[in-house]
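For chain A, the structure is supplied; the task is to place chain B on it using the hints.
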Amino acid sequence: MEASTVAKLTGSGLDKKTLLRFLHQMLLMRKFEDKAAELYARGKIAGFLHLYNGQEASAVGAISTLAEHDLLTTHYRDHGYAIARGMDLNRCMAELLGKATGVAKGRGGSMHFFDATVGMLGGWAIVAGHMPLAVGLGFASNYLGKGQVVLCIFGDGATNNGYFHEALNMAKLWKVPVVFLCENNLYGMGTAVHRASATTEMVRKAAPYDIPAERVDGMDVLAVREATQRAVDHARRGDGPYFLEVVTYRFRGHSMADPILYRDKAEVEEWKQRDPIVIFRQRLEQEGLLSAQEMERIERETDELVAEAVRFAEESPDPPLTDLYEDIYANP
Amino acid sequence: MPMITYREALHQALREEMTRDERVFIFGEDVVAYGGAYGVTSGLVKDFGEKRVMDTPIAEMGIAGAAVGAAMGGLRPVAELMTINFALLASDAIINHAAKVLHMFGGQMSVPAVFRMVGGGGAQLAATHSQSLEPLFAHVPGLKVVLPATPADAKGLLKSAIRDDDPVLFIEHALLYRVKGEVPEGEYLTPLGKSEVKRQGKDVTIVAYSKMTLVALEAADRLSQEGIEAEVVDLRTLRPLDMDPVLASVKKTNRAVTVEEAWRTYGIGAEVASRIQEEAFDYLDAPIARVAGVEVPLPYAKNLEQAAIPDANRVIEAVKQIFSRAAA
Chain A
510 MEASTVAKLT GSGLDKKTLL RFLHQMLLMR KFEDKAAELY ARGKIAGFLH
560 LYNGQEASAV GAISTLAEHD LLTTHYRDHG YAIARGMDLN RCMAELLGKA
610 TGVAKGRGGS MHFFDATVGM LGGWAIVAGH MPLAVGLGFA SNYLGKGQVV
660 LCIFGDGATN NGYFHEALNM AKLWKVPVVF LCENNLYGMG TAVHRASATT
710 EMVRKAAPYD IPAERVDGMD VLAVREATQR AVDHARRGDG PYFLEVVTYR
760 FRGHSMADPI LYRDKAEVEE WKQRDPIVIF RQRLEQEGLL SAQEMERIER
810 ETDELVAEAV RFAEESPDPP LTDLYEDIYA NP
Chain B
16 MPMITYREAL HQALREEMTR DERVFIFGED VVAYGGAYGV TSGLVKDFGE
66 KRVMDTPIAE MGIAGAAVGA AMGGLRPVAE LMTINFALLA SDAIINHAAK
116 VLHMFGGQMS VPAVFRMVGG GGAQLAATHS QSLEPLFAHV PGLKVVLPAT
166 PADAKGLLKS AIRDDDPVLF IEHALLYRVK GEVPEGEYLT PLGKSEVKRQ
216 GKDVTIVAYS KMTLVALEAA DRLSQEGIEA EVVDLRTLRP LDMDPVLASV
266 KKTNRAVTVE EAWRTYGIGA EVASRIQEEA FDYLDAPIAR VAGVEVPLPY
316 AKNLEQAAIP DANRVIEAVK QIFSRAAA
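Protein chains in written order, with our numbering: chain A, 510 to 841; chain B, 16 to 343.
I should point out that these hints are in silico values taken from the structure, not numbers from a laboratory.
A couple of the hints might just be wrong.
To be verified - Here are the computed lysine-lysine pairs in the DSS-like style, where the Cα-Cα straight-line distance is at most 25 Å:
1) B/Lys-335 x B/Lys-266
2) B/Lys-209 x B/Lys-195
3) A/Lys-781 x A/Lys-544
4) A/Lys-684 x B/Lys-66
5) A/Lys-540 x A/Lys-526
6) B/Lys-61 x B/Lys-174
7) A/Lys-681 x B/Lys-266
8) A/Lys-544 x A/Lys-517
9) A/Lys-684 x B/Lys-61
10) A/Lys-655 x B/Lys-217
11) B/Lys-267 x B/Lys-217
12) A/Lys-781 x A/Lys-540
What the hints assert, rightly or not - To spell it out: a stretch of chain A is covered by chain B in this simulated footprint if at least three of its residues, at any positions, have a beta carbon under 8 Å from a beta carbon of chain B; those stretches are:
13) 629-636
14) 813-821
Glycine is no exception: its CB is placed at the ideal position from the N, C-alpha and C atoms.
Chain A extracted, bound-state conformation (with noise of 0.2 Å):
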């Protein structure tokens, strides 16, 4: 093995090809992101939606501390998720594109990716509705002794439903192996957390039920993967739920349909200073791990999938009308 490839980021404990992946893959999320904004744009991609930008440490840094047969169910911002997951690129990309090759066979469209090969179960599209799923989840996990972990995201407007509490509390009553991570965004859709959050800080929220939390820096990979780290290990101990507060922020709109009137471009370009995606990248350069041949390869390789992804989705067929009336029941 070449000197190279044992390299470490200073206090990280990973090797330089896992880092190298990180990066390869926040990068991936954002093409992927900035690709699907430009066919919507042209009217290849309708519905709603939402996309990733900025928050790509979250997804990146807690996704690689799971296992493989562990579980994740997401909130409906999804897409980043799916590819932290492993989920197939193209077939991410022909579900938005509502084509019968979709993760979903294009019935779920950009709310609802779901593959059950690589325990990403969803894609959940009504706000805090899958948290009682996880619940339902982890407690399968402990009933059959599968020891999986569920990996449980949603955003900080999540945290005020009844939803919310109901599974904490359940989560923590049935010491589940669920680890509830908050990706704290500032905004639900439109409405700052101040104004619909009686405590801007959600880790508080997980006190009441008596389930350890921390928060953590959104915008740094490495920490998030560090702090989900300890989160899944307590789960996996069997000492039951954790919660984690990633503090992060969205570069772009709610949706594509957000004119975005409710926070100030100077706070965007605030946000943007921290890019996580560019930290990460100089951190890399800093301590000589990352050449600028390796990053040329890495630009060339993220966007060589997007185009891919998109090729294939785009010379995929629609799904046939029959489809409509598919598994509608398991047993009709």
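Using the frame of chain A, we list chain B on its own:
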């Protein structure tokens, strides 16, 4: 055949299915020490332990959501929501999630969960504890909605519901738990989605479900004394709705009356009547009559409540009106 109560029949179904399949577990409000609000789960914890019979907080959104997750995780949950009135709180998890998973996610996973609950009025529990909300849920593709009228059906249908791979709302009637009936000994299943003729007759078809099936049978017995032979069809499952026995019956009797405890407007009778005229119009000798709950919030006072819920007198009246109209 042994005569047992509706409650005992349900209890037997749970016990047999839990014995047969380790993945079946019960969780819900007051199912352990209390034994279920209507006593159906009484004693199960002694034989199956707290791993498989679990109390939950009074949190219907969470219970139903956790049931969906547990089903997706490989279990066969029987979630007890106590009453259909409280199922309104769970309706997001049931309608937005349980009913959608299979189709919306491309057929990758189904949700084999049973949601047990009590429905119906007549026990003087007033407006928020007496409703017949099954039409709300029967409206939704992806759900199965089952309402047994007899102990034999209660047992056979609950066993089928637990084995079914789709989400099933299993709605028991509050006033039926102490009703006794013949129940076959040993293993048997009653298929979901099959209506059944509960009484043969040649003059008029009465279509009912749940407790109203018993009301229809009482009306049919009394009509028989007056020379009118009514055929009673018990729908048993509202979705999927099996119209075949209804249509076959109407083609024979040429008249139909629907009976339901739920409100009349946009109700089950409206759907059944519409289907009859679509598929058997030429056989009808009279307009189809609907007997249904009076369209008010159910009051507490005994006389007011009784006036709001259909009884045999109202069914007989409706049948006679059809005949008088046909004769005119």
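Original post:
What are the numbers of the hints that this structure violates, sorted from low to high?
Top reply: 7, 8, 10 and 14
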